[in-house]
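Peer 1: Following the hints, put chain B in place on chain A, whose structure we already have.
So the sequences go chain by chain: A and B. First residue of the first sequence: 1, per the UniProt record's numbering; consecutive thereafter. First residue of the second sequence: 1, per the UniProt record's numbering; consecutive thereafter.
The set of hints was computed from the structure by calculation and includes no laboratory data. It cannot be assumed that every hint is accurate.
As the list claims (entries may be wrong) - Covered by chain B, according to a simulated footprint, are these stretches of chain A (three or more residues, beta-carbon under 8 Å):
(1) 123-135
(2) 209-220
(3) 332-343
As the list claims (entries may be wrong) - One-sided excerpt, in silico: chain B residues whose CB lies under 8 Å from chain A:
(4) Gln-157
(5) Ala-159
(6) His-163
(7) Ser-187
Beta carbons: idealized from backbone N, C-alpha and C, even for Gly.
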Amino acid sequence: DQVLHIVPETFQQVQLLQHLCSSLLLDLWKPLLPEDIGAGEDLHMRVPAPLVQEVKHSLDQHMISYSILIPDVQELVDQNMPRERSSLRQVPEGYDYTQYHPMGEIYQWMSEIQNSNSELVTQHYLGNTAENRPMYYLQISQPSDKIKKIIWMDCGIHAREWITPAFCQWFVKEILQNYKSDPKISRFLQNLDLYILPVLNIDGYIYSWEKDRLWRKNRSPYMNGTCYGTDLNRNFNSSWGSIGVSYNCSSIIFCGSGPESEPETKAVAQLIERKKSDILCYLTIHSYGQYILIPYGSTTEPASNSEELMYVAEKAAAALTEKYGTSYEVGSTSLILYSNSGSSRDWAHMIGIPFSYTFELRDKGTHGFVLPPDQIQPTCEETM
Amino acid sequence: ELPPSHHSATRAAALAACYLSYQRGSPWRGLALRAVRSCRRQDIDGVGHKYYLELVLEDVLDKDSTVNCTAEVLHHLGNKKIAPDVQFTIEGELKNTDEADNVFYNRIKSLEKELVAENIPDNHGNISPEMEPIRLLAWVASGYVIWQNSTENTKFQLAQIKHVKQVKRSDEYLEFDYMILLHEMVSQEIIPWQMTVLWHPQHGVQVTRESRQPKHA
Numbered sequence: 001d002q003v004l005h006i007v008p009e010t011f012q013q014v015q016l017l018q019h020l021c022s023s024l025l026l027d028l029w030k031p032l033l034p035e036d037i038g039a040g041e042d043l044h045m046r047v048p049a050p051l052v053q054e055v056k057h058s059l060d061q062h063m064i065s066y067s068i069l070i071p072d073v074q075e076l077v078d079q080n081m082p083r084e085r086s087s088l089r090q091v092p093e094g095y096d097y098t099q100y101h102p103m104g105e106i107y108q109w110m111s112e113i114q115n116s117n118s119e120l121v122t123q124h125y126l127g128n129t130a131e132n133r134p135m136y137y138l139q140i141s142q143p144s145d146k147i148k149k150i151i152w153m154d155c156g157i158h159a160r161e162w163i164t165p166a167f168c169q170w171f172v173k174e175i176l177q178n179y180k181s182d183p184k185i186s187r188f189l190q191n192l193d194l195y196i197l198p199v200l201n202i203d204g205y206i207y208s209w210e211k212d213r214l215w216r217k218n219r220s221p222y223m224n225g226t227c228y229g230t231d232l233n234r235n236f237n238s239s240w241g242s243i244g245v246s247y248n249c250s251s252i253i254f255c256g257s258g259p260e261s262e263p264e265t266k267a268v269a270q271l272i273e274r275k276k277s278d279i280l281c282y283l284t285i286h287s288y289g290q291y292i293l294i295p296y297g298s299t300t301e302p303a304s305n306s307e308e309l310m311y312v313a314e315k316a317a318a319a320l321t322e323k324y325g326t327s328y329e330v331g332s333t334s335l336i337l338y339s340n341s342g343s344s345r346d347w348a349h350m351i352g353i354p355f356s357y358t359f360e361l362r363d364k365g366t367h368g369f370v371l372p373p374d375q376i377q378p379t380c381e382e383t384m
Numbered sequence: 001e002l003p004p005s006h007h008s009a010t011r012a013a014a015l016a017a018c019y020l021s022y023q024r025g026s027p028w029r030g031l032a033l034r035a036v037r038s039c040r041r042q043d044i045d046g047v048g049h050k051y052y053l054e055l056v057l058e059d060v061l062d063k064d065s066t067v068n069c070t071a072e073v074l075h076h077l078g079n080k081k082i083a084p085d086v087q088f089t090i091e092g093e094l095k096n097t098d099e100a101d102n103v104f105y106n107r108i109k110s111l112e113k114e115l116v117a118e119n120i121p122d123n124h125g126n127i128s129p130e131m132e133p134i135r136l137l138a139w140v141a142s143g144y145v146i147w148q149n150s151t152e153n154t155k156f157q158l159a160q161i162k163h164v165k166q167v168k169r170s171d172e173y174l175e176f177d178y179m180i181l182l183h184e185m186v187s188q189e190i191i192p193w194q195m196t197v198l199w200h201p202q203h204g205v206q207v208t209r210e211s212r213q214p215k216h217a
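Chain A with its partners taken away, still in its complex shape (with noise of 0.2 Å):
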């Protein structure tokens, strides 16, 4: 691997730099995220061994010089690795995973895991959002001959619910952390893989950074430009549009122009479409209220499955309860909190995937979407 260090001179050499990250997945080093690069600042960016000749030849090809900052990023590694190897070597130290990050912190922390977990995780691109950011998602598989059944999870759909990307990075490090030692985990990854989403909804999860604590939808505009937002667990194509949503984009339900019309929405559907005779379950992570919640949202008609569905539920609550006393509440969206449609979790379950449902972390309203930081352990420690 090697490091290239490039000025871009015009917006067109940066827009192309930016195309190149994106579509070969480039290890930005500097600027974090590809809309940063600019002209006349400097680019750091990190290109894999078997990429090297390519990403030369296309610069060449596009008179855009550049030097060579690192010539071998393993021999540099190796240089400052110490001596003993620890467990926590397997996850990116000094990581605080009882803490919210912001989104550049969280892009940085999926390739540090892929880098220092390379054996397990690969990290892949799923698509862009409406503003242009790459979403991506961590597959956790233990090489085998066997042909393993998917687990898909995904967190962060809705901006404001700040504890799930957070449980989504737990659970990585989890993972990583006791697969070796945990009997259960081991068994668990000689049967199953894990794609993990940290953050679907990446530029709502910014805007609630730096603009609107309590924004819940994604950032795309609507009317020219004088209304944001869809809320993307309403624009799936599962009954779409026919209740428990508004058609107007000043409401926080918005549903959007039509079934999967926003880019996230979409990116989403089609890699689960392309995967799912192979997926087993489906797990879409919210917050607040307590909930387990199986399909659907869109009728009160059972699932064909219900009975199995409602069984599983159960027990995993049961499971959750031990930990520290926190209950759950299991049943139907529609009949415990309200009736929608055009949800990600109906979606997967009429698409054929057996085992779908919604998980709302805590609490149940006292803190609500601002959970303070101290309850980020319990919660995912319980809900793990």
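Peer 2: Structure of chain B alone, referenced to chain A:
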């Protein structure tokens, strides 16, 4: 008879808990709904829907301290401007908070400059210890606002205090002008709301004025 987890039951229970909390709360005592034990609904022709509830409430500051209560909630037919009727009975005694209440009362009374604060909790969920009673007072007072504005299709929670300003008074009461954000669960909306709150350790919490604000307040 309704299953306790059904949304009709939980919405009525939340409303009863808010009302009860308002009637019995203080800057050091908030009561939150822990569980619904049972719920029965009666449809009364020409009048409305009446809910009979058995609830378990918990002390917001001491989650292990719980109390049972029964409540009746009557949602009037048709006219949405009338607040629902709520009655309740608490089994047993509530914890005595006189000492903490008085300490807080004296602290605020003796402030040279009126108290002013913003964003409680902050975006990460943190609250400083001095602001906890200010926050709980708002939570208790919001019980009144929620009671006055609830229907069978709403479930409100206090999401955040955007702004609070103390108003000095010549009488013994403490007065606070709050701008709060309420989260309405069914529509998922965040609604800014202004409320003027009076409190005295012996006279309880009173909301003397409340008004819904436009979204971009």
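Peer 1: Now tell me if each hint is right for this structure.
Peer 2: Status of the hints after comparison with the structure:
With a threshold of 8 Å between beta carbons, the proposed coverage of the segment 123-135 of chain A by chain B is violated, since 0 of its residues qualify and at least three are required. For a cut-off of 8 Å, the count of residues in the segment 209-220 of chain A with a CB near a CB of chain B stands at 4, and the three-residue condition holds. Requiring three or more residues with a Cβ within less than 8 Å of a Cβ of chain B, the coverage given for the segment 332-343 of chain A holds, as 4 such residues are present. The restraint placing Gln-157 (chain B) at the interface with chain A holds, with a minimum CB-CB distance near 4 Å, inside the 8 Å limit.
For Ala-159 (chain B), the shortest C-beta to C-beta distance to chain A is roughly 5 Å, which falls under 8 Å, so the interface hint holds. Of the supplied interface hints, the one on His-163 (chain B) is violated, with its beta-carbon coming no nearer than about 14 Å to a beta-carbon of chain A, more than 8 Å. Hint status for Ser-187 (chain B): holds, given a least beta-carbon distance of 7 Å to chain A, under 8 Å.
In the structure shown, a violation is registered for the earlier hints numbered 1, 6, in ascending order.
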